[in-house]
Amino acid sequence: MGLESPAWTAGVKRFSHEAMATVFEVQALHPDATYAAQAAHAAFDLVDRLERELTRFLPNSDVGRINALAAGQSTRVSPSTMDCLLVARQMYDVTGGAFDVSIGTGLPSLELAADESRVRASTGGVRIDLGGIGKGHAVDLMGELLEDWGIEAAVVHGGFSSVLALGAPAAQEGWPLTLSDPGPPIRVLVRLARRDTALGASGVRKGGHIVDPRTGKPAAGRRAAWAVLPRQAAHERSQAGCGGPRRAAAAAADALATAFMLMRLRDIGALCAASPGLEAWVLPEPARSGGPPEALHFGTPGSS
Amino acid sequence: MAGDDEKDKVAVPPRPAGGRKLDRRDVLKGLSTVPALGLFGYAWQKQRQYEQAAAGTEQAAAAGDVQDVHVALLGAGAQGQVLTDAMLRIPGVRFRAVCDVWAEYNQRRVVNQLQRFGFQVNAYEDYREMLDKEKELDAVVIATPDFWHAPHAVDCLKAGKHVYCEKEMSNTLEGARAMVAAARETGKLLQIGHQRRSNPRYLHCYRHLLGEAKLLGRIVTVSGQWNRAVTPDLGAPERYTIPEARLKQYGFKNMHQFRNWRWYKGLGGGPIVDLGSHQIDIYTWFLGANPSHVMASGGQLYYDPATHEWYDTAMVVFDYDTPAGPVKAYYQTQTTNGSLGYFENFMGDQGTLLISESEVHAAKVYRDTNAPPWDEWVQKGYITAPKLQEAVEKDKAAVTDVRESVSPDEHKVPIVLKDPYHQPHLQNFFDAVRGSATLNCPPEIGYESAVAVLKVNDAIEAKSRLSFTPEDFAL
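Same order as they appear, the protein sequences are chains G and P.
Numbered according to my numbering, the first sequence spans residues 4 to 307.
Numbered according to my numbering, the second sequence spans residues 573 to 1047.
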């Protein structure tokens, strides 16, 4: 079933780094290997810094302080943490609470004062865990850093579940990517060629670890879900006033993939229909009789 | 669109139990729980303004009665950004200017960050120009490469500014002495960035565990380390390369040296300064004495000596004559394997204190089995109770309950830093500027620390045991 590697892939340089309880990777096309390595390591330094801000295991991280807020208290967070929280809040709203970094403890009672980068708790007891969005957030910022370094064609991912395709290899439509049934048996479901696109994946291969924040019960009936979202290119982002999921495409895709494990299919379809360029794939658990299930596809590919 | 026949398997009726309130939309059965608005219909800027309005009032009240301090950042690299991040959390800090020779990158990044917090700062490449033009400045926070600390700090003090200067105070003792002299001459404050001196965990251990309770008995030995994994040399985005003439003007041969100055003699002070300085300062502080002797072995074991002029590995033994008796203190730093990270371990005849700035180790104390009981200190809340060992109800008639072996007593130190690591030390500095505190690390203490640390480089060079005299530490 495996295809031959095309010749251009020989020029792809790969660098990896452990962070956020997974492995991040940069695959870059650049003629200078040393320069590509320095750029990748600058991106990894950034991930380490983000992890210190976003981890819930350090009492003096941004999330550690948010989780200790009593009613009426507020704390200042880094601008990038604030961006991540704003995207998390938007994903909560557009998914009807299916994506909820507070896991049902009351996300709306965290007020986000973006221009001061301040988080205020209107009630106590809200506990957030950015595990479902932090990797995508990091991948977004790594992508911006690599663009700043002049790396124009690269794939960046955090543990394979948050992927950003930057540019595309020369003479290629996009970076070749696959979406696979986690199995067993593992099999390729979808082949994509995408440029300037973020992809998020969620599944239950690691054990039934997705809990529906709306009910407190584990997700059931689905084996995996993917969200694919075009990303704003650097020159578009430089214009004033842009933000949100077109900029934070990997964070949004990371969050939506989790939500797509839980949302009703008609709701997923409606969200894709109302969001040009947003696509979803949902892989149901196999039926008791019959062959292996096919992934259900929603939305149409598009550019930002 | 595919698959609506699958919906019943996965549709979850909304329930109030999850913590999210049911709204009218949820109750109308069969309607979508997802807003009709798509992902991009969400008004992003509006959302930000709306959220902003919700929390605006409280901030104004919080900052109300704090005296403003007008601040410039001199040196906007990695450490300057860490300090900026911490300062942004301190009420009353008003940023006015940012100075960095890398105008194309680091300077721009910090200026942009400060703008996001509403500070319209002026940006400078030349610190002299900044001192000439920024007449309203109260204080300058310096995070430049070590060889610039002395000229920067001295000129800022002489321009009438209070100064917070990153450690190492200077890469030379002449530089460090000039800084002390300038602070004394101008009467301005100079805080050196040994930030553990303001860390509540360290202060608690120093004042209460060692000072008041004397938990460790007589401290005889100390060990500590900062181990760091291999890191590749730092690069820079090509499009932001600094022109050669500007690099030379500021003392760098090329972009590589500019980015990796810590590895170059004459610019940085080597790993013992970059990593060891913080912790050797703690040895001296906790032991209450300066060292009397030092022996050290260091070498270029791993990296290319052409681009890494300093040793990459050092092992050091200090002797101290403390008021309580002689102490030997070991310290190692290596840059090829990060095993166990960084910590300081103080060992006395009645107990051990393992302490670190890092949460990996935090702070723990271990009681020697023959030491007097620590119940009083547990009751006072200075340390936590040990892991429960008397889980089995005692039978008064028996002397021993025979069971699975237990671990020795481990007590945690219940002091948690909730702020960024540098924030308390910066807060102490700004409080001192406002006249409501005294500095936790004035230049005299920074100088003593520099004397002890820089001598390690001499000992590595000399390959022999060197002694300190009281005059070495005198100013």
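Worth flagging that the hints you see were computed from the coordinates, not collected in a lab.
These numbers were taken from a predicted model, which means no experiment stands behind them.
It is possible that some hints are incorrect.
Chain G side only, calculated, beta carbon under 10 Å to chain P, not exhaustive [said to hold, decoys possible]:
1. Glu54
2. Glu56
3. Ser81
4. Gly127
5. Gly293
6. Gly294
Not close to chain P: a few residues of chain G, all C-beta gaps over 10 Å, as computed [stated by the list, open to error]:
7. Ala24
8. Arg79
9. Asp118
10. Leu180
11. Pro188
12. Ile189
Note that CB positions come from ideal geometry on N, CA and C, so glycine has one too.
Structure-based check of each hint:
Proximity of G/Glu54 to chain P is violated relative to the hint, the smallest CB-CB distance being about 13 Å (cut-off 10 Å). With a least beta-carbon distance of about 9 Å to chain P, the hint placing G/Glu56 at the interface is held under the 10 Å criterion. Interface restraint check: G/Ser81 against chain P, minimum CB-CB distance 6 Å, threshold 10 Å, status holds. Nearest Cβ of chain P to the Cβ of G/Gly127: about 13 Å, over the 10 Å cut. The hint is violated.
Given hint, G/Gly293 at the interface with chain P, is violated; its Cβ is 13 Å from that chain's nearest Cβ, farther than 10 Å. Taking 10 Å as the C-beta contact cut-off toward chain P, the hint placing G/Gly294 at the interface is violated, the least distance being around 15 Å. Every CB of chain P lies more than 10 Å from the CB of G/Ala24, the least distance being 15 Å, so the non-interface label holds. For G/Arg79, the condition that its CB be more than 10 Å from all CB atoms of chain P is violated, with the nearest at approximately 5 Å.
Not every Cβ of chain P is farther than 10 Å from the Cβ of G/Asp118; the closest lies at roughly 5 Å, contradicting the non-interface assignment. The Cβ of G/Leu180 lies farther than 10 Å from every Cβ of chain P, with a closest approach of about 21 Å, so its non-interface assignment holds. The Cβ of G/Pro188 sits about 22 Å from the closest Cβ of chain P, beyond the 10 Å cut-off, so the non-interface label holds. Every Cβ of chain P is farther than 10 Å from the Cβ of G/Ile189; the closest lies at roughly 22 Å, confirming the non-interface assignment.
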